[in-house]
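A.B. asks: Chain P is fixed; fit chain H onto it per the hints.
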Amino acid sequence: MSGALDADQAALNVVANNVANANTSGYTEETPDWQQNAAITVNGVSTGDGVSETGATSQRDRVLEERLDQQQQLASSSSTRLAALQDVQALFTPDSGSSSSTAGDIGSDITKFFDSFSSLEANPTNDALRQDVLSTASTLSGDISNAAASLNSQRAALDQEATGVATQVNSLTSALAQLNQQIQSTSPDGDAGTLEDQRQQDLSQLSQLIGINQVTTENNGLSITTTSGQTLVSEGQSNQLTTGTVNGVTDIFLGGADITSQLASGGGQLGGYLTARDTDIPNALSSLDQLAYDISTSVNAQNNSGTDLNGTTGTVANPLYIFNEPTQVSGSAAGMSVVMTDPDQIAAAGAGDGTGDNSNATALAGLASQTIVSGQTPANFYSNFVTELGATISGVQSENTAQNASVTQLQTQNNALSSVNLNDEASAMTTFERSYQAASQVFTMLNTIMASALNLGEQTTVS
Amino acid sequence: MRVDPNYLTTLVGSLDQVQSNEQQLTSELSSGVSITSLSSNPVGAGANVLLLNQIQQDDSFTSSSSLVTGQLQVGDSALGSVVSQLTQAISLATRANNGTMNSSDVKSIGNQISGILDEVQTLANTSYQGQYIFAGGQTSSAPFSTSVATSPGVTTYSGDSDINYLEMPNGQKIQLNVPGNQIFSGSGSNNVFAALNSLVADYSSGIVNTSQAVSDTTALSTALNYVSQQRVTLDNSITRLSSATDAVSNEQTQLTSAQTNLMQADVGTVSTQLSLNETQQTALEDVIAQLGSSSNDLFSKIQG
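Just so you know, the protein sequences line up as chains P and H, in that order. The numbering of the first sequence is the numbering used here, which starts it at 1 and goes up by one. The numbering of the second sequence is the numbering used here, which starts it at 1001 and goes up by one.
Only chain P is shown next, with the shape it has when bound in the complex (with noise of 0.2 Å):
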């Protein structure tokens, strides 16, 4: 009988672990084990002897918790890169055509610098309106060198966090190693219950930093391998991820072997973080580079090859450059600036032409609508510069949103299996407490019951 008392007690400890860890994050609820006692058989009849309570058991689902994990690996790759690239887009907010927008607006000032030109068409001598050319000149190049200036220091920054998240990785794959040692020596048959959730809690987190797979071994141990195959954890031993500056970005190695790349369409933060740093951030900055180069080289040859105020004609030797020649087209835009400082040196008039002549100025100006820039004119290079990122951005947008609400629905799910409920844990308390006040009725009754025993049917001192 008192078997019964221990296995409520048990049970209703179970009860208060429970309601005790109902917030702790990684926690799965518990159930009581409970064991029918073996049956005693006396003279050929079979009597039940009680209950046991054996233990508790972890409510929880590996399947649904590993599909948890990849999904939440996807999420936060693209919720990581959407981040990096909103901050991208940022440099290139829309102008909204007031004047106070146009400010830092790279297609208004593409349009104002060669609209100068046109201008000077008008009064190819006129000191103000060639003033006007040198000045729109330099905003253009101020904001097409700040704008790439900004996307290397983002690039920059990028690169740190991923770093960041490579040690955080480091540090999560040598506790699991560890967690797997304990695991597999103290329960290798069956559920580690806190260890396992500790185990599941470093993976969710782990799948956050870094995309991986998981691989169940034996005696419950566990292999990790990134989404592309390389073993960051192989039981009890974790291989540690290291660093090296390759190319002037920070590279990822395994085991000697770079694995940068398959690490940035892996998922997980470390993915997204590289993604924008090696591929959204370079193509933003390669379109802003083609715009400088081009703009730069051609306007530089048109304005060369005709005659200015002073009646000199470029030369070789004593170029009439309006901007910084660039010499290739990387790093074209953070180059671009305006090297010219005497307005008088614009070539207006065509070559061997009179200085008021004003068929140079027509070419500089006609630029703007000849296809100079990758085939396109500079504006709409600019403009499709823009949609396309606009539309990268957008893509992220709607992917991240849509994994966003798997992992929630699978978030759940999974909250639904494992997560302490206190309703539950109240009625299991109560269902516990009455078999407890049950089986101590029964105390009674046999107390009574032998006390009418030893006293014969007579009022005694037994009672």
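One should not assume that every hint holds.
[Claimed, not checked] Stretch by stretch, here's where chain P covers chain H in the computed footprint (C-beta under 8 Å, at least three residues):
1. 1002 to 1015
2. 1036 to 1049
3. 1060 to 1069
4. 1131 to 1145
5. 1155 to 1167
If you are wondering where the hints come from, they were derived from the structure by calculation, not from laboratory data. Just so we're clear, the structure is a prediction, and the values are computed from it rather than from any experiment. For every residue, glycine included, the Cβ atom is placed at its ideal position computed from N, Cα and C.
C.D. replies: Relative to the frame of chain P, chain H by itself:
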């Protein structure tokens, strides 16, 4: 099936989402701009770049054209004066050629024509904002000068035949000047200065060689007609420029309204959305208050 016991967290998540929507809508309302970032409407943002490009080009053309109109009008009025001066010279020459004048009258006519020559040369050297408008591309120095070292005198042109054009946003070109050599010293009998110089020489002595003088007078008439023809080019440019400016500012108005439609937040729609979101928010808050109240907890029902 068991429900997720953390439903309150999920509801609070929805509440956050509703509030972030409200914030976005409020910022659209207060700024009046619907496309606040590239990703909110990528295609719109790209179209906006092109629309603004066109609007600014139109704007720039409108201000250029007002600059140029001044120059064209100065040129046109100079040529107008040239025509009236030449008409006067022809009538003077015709009077001198009819053989009824004494030599001092002829000389005086010669002097008057010489004065007209100076006047026409001054007009041919007209400048606008410091630039000589009949000098082709050599606008920095006066294009015409007359030497009287020989008889008849010789007027030389030091400009060139350069023609400037103003390009419209649609690529059409409007001629901005007519070089002086084309107006005043055209080929053959179209040379104003040669005719004037000859007439000055014809009358300088007081004795008129009638046949020579008549033929020189005829040459001046021909040259005058030619100047009038050249003036038409400038008049055409003024007319074209004025209609082009009108067309461009019409286009600009249309483009600006298209751009405003593209970028401007529709206050009606945004307000409706905002009000919907607010209703949602209130509903969510009520639900959360209901579910979160401790009377729903089974523990509170258990009698101690």
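A.B. asks: Compare the structure with each hint and give your call.
C.D. replies: Structure-based check of each hint:
1. Counting residues of the stretch 1002 to 1015 of chain H whose CB falls under 8 Å from any CB of chain P gives 7; the rule of at least 3 is met.
2. Figure legend: the stretch 1036 to 1049 of chain H, annotated as covered by chain P; annotation consistent (14 residues with Cβ-Cβ distances under 8 Å, at least 3 required).
3. Three residues within the 8 Å Cβ limit are the bar, and the stretch 1060 to 1069 of chain H against chain P gives 7, so the coverage statement holds.
4. Coverage of a stretch by a chain is defined here by at least three residues with a beta carbon nearer than 8 Å to that chain's beta carbons; for the stretch 1131 to 1145 of chain H and chain P the count is 8, and the condition holds.
5. For a cut-off of 8 Å, the count of residues in the stretch 1155 to 1167 of chain H with a CB near a CB of chain P stands at 7, and the three-residue condition holds.
Against the hints set out earlier in the document, no violation occurs for any number.
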